[in-house]
Amino acid sequence: MMRRLFFALALVLSAVFAASAEAQVRVNVEEGHLNPMPVAVVDFLGASPAAQQVGGDIAGVVRANLERSALFRPIDRAAFIERIQALEVPPRFADWKVIDAQALVVGQVTPLPDGRIRIDFRLYDVFAEQQMTGFSYATTPDNWRRIAHRISDQIYEQLTGERGYFDSRIVFVSESGPRTRRVKRLMIMDQDGANPFYLTGPDAMVLTPRFSPSTQMITYLSYETGAPRVFLYNLETNRREVMGDFPGMSFAPRFSPDGSRVAFTLDMNGNAEIYTMDLRTRARSRLTNHPAIDTGPSYSPDGSQITFESDRGGSQQIYVMNADGSGQRRISFGEGRYATPVWSPRGDLIAFTRQSGGRFAIGVMRPDGSGERILTESYLDEAPTWSPNGRVIMFFREGRGQGARLWSVDLTGRNLREIPTPTDASDPAWSPLLP
Amino acid sequence: MRKVLIAFTAVAAISACASRPDPTPTTNTPPPPTQERPQGPVPGSVEDFRVSVGDRVFFGYDRSDLTPEARAVLERQAAWLRQYPNTRVLIAGNCDERGTREYNLALGARRAAASRDYLASLGVAQNRMETVSYGKERPLDPRANEEAWSVNRNAHTQIVSGAVS
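Protein chains in written order, with our numbering: chain A, 185 to 619; chain B, 1187 to 1351.
Keep in mind that the hints were calculated from the coordinates and are not lab data.
Be a bit skeptical, because a hint or two may be false.
Stated by the list, open to error - One side only, chain B facing chain A, incomplete, derived with CB under 10 Å:
1. Gly1226
2. Pro1229
3. Asp1248
4. Gly1285
5. Leu1293
6. Ala1295
7. Arg1297
8. Ala1300
9. Asp1303
10. Tyr1320
11. Gly1321
12. Pro1328
13. Ala1330
Backbone N, C-alpha and C fix where the C-beta goes; we use that ideal spot for every residue, glycine too.
Based on the provided sequences and hints, a complete structural model is requested.
Okay, structure coming up:
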């Protein structure tokens, strides 16, 4: 599995051609949905039938990524006028203007003597008639999909001015079996649902996996040893271990931004308190001290603060404290119960689950509690997780008496989509951009 | 819970019928055996605890305080546990699906602790009792309605060792 992360990616020539402060073509991530930018993605050229096949597959993945973002509208290939024959020849921009392509993506797949392939890509601003960026990657043939995601991220970044999120993965809980005896296993897949596979077996129930923002680690809850305990899973070695043999039960783990600590809940004698543990020294320190339920900690991206939920005020609400536990203050004051706060990787917002009037909603608010916005609501929407660029939120949705599925929605509240998973699925966690 | 009880009663009734002597014996059949088969579970068994005592107590929505009904069940549990002092129990707290996952894990732990603390106050040694929470992960009733949710909010006392088999 780790082969995929350790693929031999080499930037053989960083053919960056005058990447254009003056380029006119631009998508606004806040309002782009209203009028998605038409983009032409040509099937990548290939010198052999096998290379042509890969070239078509890469273009397909890029088109799907751009389309799913809802900021772009890939133009139907049947409308293309110019047939790109060689990467070195500049495109006939007039032919692309006629079909209203604002941006043009072309590329090429070349087999290398050592068995690898080289993938070249270029992005053009059609109306400015200039190349915005271009890259060349050498990689193993089975790694073409990741290159397609990296190319998608390049396009997204050039055209929106923001970082992309396509070269990332989702870890989640795969669900099967009857509701009274649900089988829950960790599964991981690419951000677009490709390459799903199990990380744990069917015997031990697992819940709430979370990626480290900076290392190849996952933390999650497992009933493997009987009582619920926090586990660590190393994606590079495929080794898993109990994080610590604490009294009582431990759950609700989340990494600090640098991956060196885990904040979690330790419940002894029916009193849930938040702790953090240093993963090197295994020293733990207690952050809350209250007979109420204190759980669901999530670090701010600079590591200085932690948001969490507590029912100390009489009902479940969202709080913020300094990373050492000082300065605890409530930030949610709307109607209903507020839960599962998750700090945005940009730092400017906290996503949450709100329970109100018999329905569950996903929303966001600023870290001071202002600017609350509900993005989506149903019988049960729960457990938001942020895309690495903080523009998309994934969560799980359960219809009444139905199995859970993964969904995503943009920060704008638009572009609600179901994410394809091989089984019912819950508790999604988005990885950072892959290294 | 009600359903389980009904199901069990039905099974008991069927087995009772099967073992009961023919109600209209003819004169040329031997007289029915006088020795009665035991009809309930074996005293001191897991079944005995489950059926004769009651192994679950129920809670209100987002509550972990014990109702009078819950106390009555726990009092019977405590009496039974005092009578069979070699038994050990695992008390599991459970929640309905109308809460978020991590909060429900904590709420289930509160419910299990409420049961355990009451049993301890009635003389059951702490070291015979362990607790766990399954949150909303192990519903007794799979349906999504008020009736199911009220049944799924419970603390379940399970005999894990020392019972008569």
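task: Have a go at the Leu1293 (chain B) hint: is there a Cβ in chain A nearer than 10 Å to its own Cβ?
output: holds, 7 Å
- prompt: Hey, does the Asp1248 (chain B) contact hint survive, CB to chain A under 10 Å?
  reply: Constraint on Asp1248 (chain B) satisfied, holds at 8 Å.
task: So, Ala1330 (chain B) near chain A? Judge it on the closest CB pair being under 10 Å.
output: holds, 4 Å
Chain A contact restraint on Pro1229 (chain B) - CB to CB distance below 10 Å: This interface hint is violated because 29 Å lies over the 10 Å limit.
message: Is the interface hint satisfied for Tyr1320 (chain B)? The criterion is a beta-carbon contact with chain A at less than 10 Å.
response: Result: holds, 8 Å to nearest chain A Cβ.
message: A closest beta-carbon separation below 10 Å is what the hint needs, so does Gly1226 (chain B) meet it against chain A?
response: Because about 27 Å separates Gly1226 (chain B) from the closest Cβ in chain A, which is outside the 10 Å limit, the hint is violated.
Hint validity - Pro1328 (chain B) Cβ closer than 10 Å to any chain A Cβ: Holds, about 4 Å.
field: Hint validity - Gly1285 (chain B) Cβ closer than 10 Å to any chain A Cβ
entry: holds, 7 Å
message: So, as I understand it, the hint says Ala1300 (chain B) touches chain A; can you test that by seeing if any CB pair is closer than 10 Å?
response: holds, 7 Å
- prompt: Holds or violated: is the Cβ of Ala1295 (chain B) closer than 10 Å to a Cβ in chain A?
  reply: holds, 5 Å
message: Checking hints one by one. Is Gly1321 (chain B) an interface residue toward chain A, by the C-beta closer than 10 Å rule?
response: Holds, because the Cβ-Cβ distance from Gly1321 (chain B) to chain A comes to roughly 8 Å (cut-off 10 Å).
message: Restraint: Arg1297 (chain B) near chain A, CB-CB cut 10 Å. Satisfied or not?
response: holds, 8 Å
The structure is inconsistent with the numbered hints 1, 2, although it conforms to all the rest.
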